[in-house]
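Using the sequences provided together with the hints, build the complete structure.
Line order of the protein sequences matches chains D and C.
The letter at position 143 of the first sequence is residue 143 when you use this note's numbering, and the numbering goes up by one with no holes.
The letter at position 119 of the second sequence is residue 1119 when you use this note's numbering, and the numbering goes up by one with no holes.
Just so you know, these hints were derived from the structure itself, not from any lab.
Cross-link-like lysine-lysine pairs, in silico, DSSO-like; alpha carbons within 30 Å at most:
#, chain 1, residue 1, chain 2, residue 2
1, C, 1149, D, 113
2, D, 113, D, 93
3, D, 113, C, 1120
4, D, 97, C, 1149
5, C, 1125, D, 144
6, C, 1125, D, 113
7, D, 144, C, 1120
8, D, 93, C, 1160
9, C, 1160, D, 97
Now the in silico label distances, taken between C-beta atoms and shown as ranges:
#, chain 1, residue 1, chain 2, residue 2, range
10, D, 189, C, 1102, 53 to 59 Å
11, C, 1099, D, 137, 38 to 44 Å
12, C, 1125, D, 80, 21 to 27 Å
13, C, 1036, D, 78, 32 to 38 Å
14, D, 52, C, 1029, 51 to 57 Å
15, D, 51, C, 1095, 56 to 62 Å
16, C, 1129, D, 91, 34 to 40 Å
Reference listing, derived: stretches of chain C covered by chain D, where coverage requires no fewer than 3 residues with Cβ under 8 Å from a Cβ of chain D:
#, segment
17, 1135-1141
18, 1145-1158
These numbers come from a predicted model, not from an experiment.
Glycine included, every Cβ here is placed at the ideal spot set by N, Cα and C.
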Amino acid sequence: MSARLRILPCLLISSLWCFIVCGAAAIALDVPPLTGRIVDAGHLLPPDVSASLTAELEAHEARTGNQVVLLTLPSLEGQPLEEFSHRVATTWKLGRKGTDNGVLLLVVPGDRKIRIEVGYGLEGVLTDAVTSRIIRHEIVPRFKAGDFPGGITAGLHAILGTIEGRYQPTERQSPAGAPSSDSLPSMFLIAVVVGALVGVILGGHRLGLGVAGGGALSFLMALSTGLLLALLASVAAVIGILALSAIFRGRHSPGGGFAGGWSEGGFGGGFSGGGSFSGGGGDFGGGGASGDW
Amino acid sequence: MRSSNRTWLTLGFAAVILTISGCGYNTIQGLDEETNQAWSEVLNQYQRRADLIPNLVNVVKGYAAHEKETLEAVTQARSQAAGIKATPELLRDPQAFRKFQAAQGDLSSALSRLMVVVEKYPDLKANENFRDLQSQLEGTENRIAVSRKRYIDKVAEYNKAVRFFPTNLTAKFLLHAEVKPNFTVADERAVAKPPDVKF
Chain D
1 MSARLRILPC LLISSLWCFI VCGAAAIALD VPPLTGRIVD AGHLLPPDVS
51 ASLTAELEAH EARTGNQVVL LTLPSLEGQP LEEFSHRVAT TWKLGRKGTD
101 NGVLLLVVPG DRKIRIEVGY GLEGVLTDAV TSRIIRHEIV PRFKAGDFPG
151 GITAGLHAIL GTIEGRYQPT ERQSPAGAPS SDSLPSMFLI AVVVGALVGV
201 ILGGHRLGLG VAGGGALSFL MALSTGLLLA LLASVAAVIG ILALSAIFRG
251 RHSPGGGFAG GWSEGGFGGG FSGGGSFSGG GGDFGGGGAS GDW
Chain C
1001 MRSSNRTWLT LGFAAVILTI SGCGYNTIQG LDEETNQAWS EVLNQYQRRA
1051 DLIPNLVNVV KGYAAHEKET LEAVTQARSQ AAGIKATPEL LRDPQAFRKF
1101 QAAQGDLSSA LSRLMVVVEK YPDLKANENF RDLQSQLEGT ENRIAVSRKR
1151 YIDKVAEYNK AVRFFPTNLT AKFLLHAEVK PNFTVADERA VAKPPDVKF
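Quick look at the structure:
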């Protein structure tokens, strides 16, 4: 009998819950659909700037796997900036799952507000202080002068530059940056050695597999030192694998799978390059900074 | 004879396993672990805020030394919040949980009062060091909000499993699991209320 008595409130609560959920969805500002790397719902960018920025963001993702996306919006319709920006970032799931390497730049001209939302995985590089400086030094002065395309371009360049270790936010060095130049050679060497060893092991039966796997591995490992060095590392690793296998087996083999190897392993982000674009399942913990002008 | 015995044993074993998984034993255990994880993240962010405060107070002191009261209030609230041991047991004790929440709430309001006072010092506001700290504090407050929301959602999920039929039977008789305390809206309002500004 008490069970039957309990069912009634349950039903009531669940129907109430339904109302609350529907009501909340109706009140809250909708997250716009992710139509590309640049979602310019606020119409701040001329088409040519938008196209060139899209290309840059695409190239950055191909290099590093990070998904950087811009959203402009005419107004927040009374929503708190941080809450909305977090909602957009987590709905779009920018960045890869597990790596959480997504960044959202949100510009709302109607409320004169800016936010850089940083995924968990990039919080160490794009710290709150650094993102705040990017907003204050790169974006706000240009916005104040009415130059929206310039401010957005400078902001995105600073974000990409910070991640790739090219951008220094005025005065002091950022607290946690990309690997310093001292660690570059050792990173390169480690990548070559590990790639070669794994390649030899993998290539025990099929040399092509070993060459492809080892080359791709050392490319990926050396990626933090830059694209050119990463390519060099994978070439060095492949040479190492071929030489070592030749010593072990006493015979040469045709160098096959190299090209296929790194194009498969190196850029395997799982995101399509052109056309449709979607988030990779990354998560956001509320890192980043806000600003206004 | 022996083989039929074994069949019965296997069937019985399968039945027990199916019943246990069917009545939410694993669900409740899994959710329990997930709420603990979400709670650790909340604590982590509160700790991050506590770690920021000494630096912030020092920088503000350099420019606004005679805002002693406000600065002391922040330091005091910080040590009070740090004084509450945030163990997992806290989650099972609603009263201790409320106390913890209240202490963190006091620290939040002391900090926001400090940030209002700071508005009177243009030199301080122009200081890059201060602005970095301010952005870190804002970021941390935002992370606290996010981790609290995730904890709230997780606890709601857990509490639902503990209350709903038939998983409530497992929770009650097998696990002796109880509903977990959650952050309350009333406190949230008090914390979110902007501090009064007097000139």
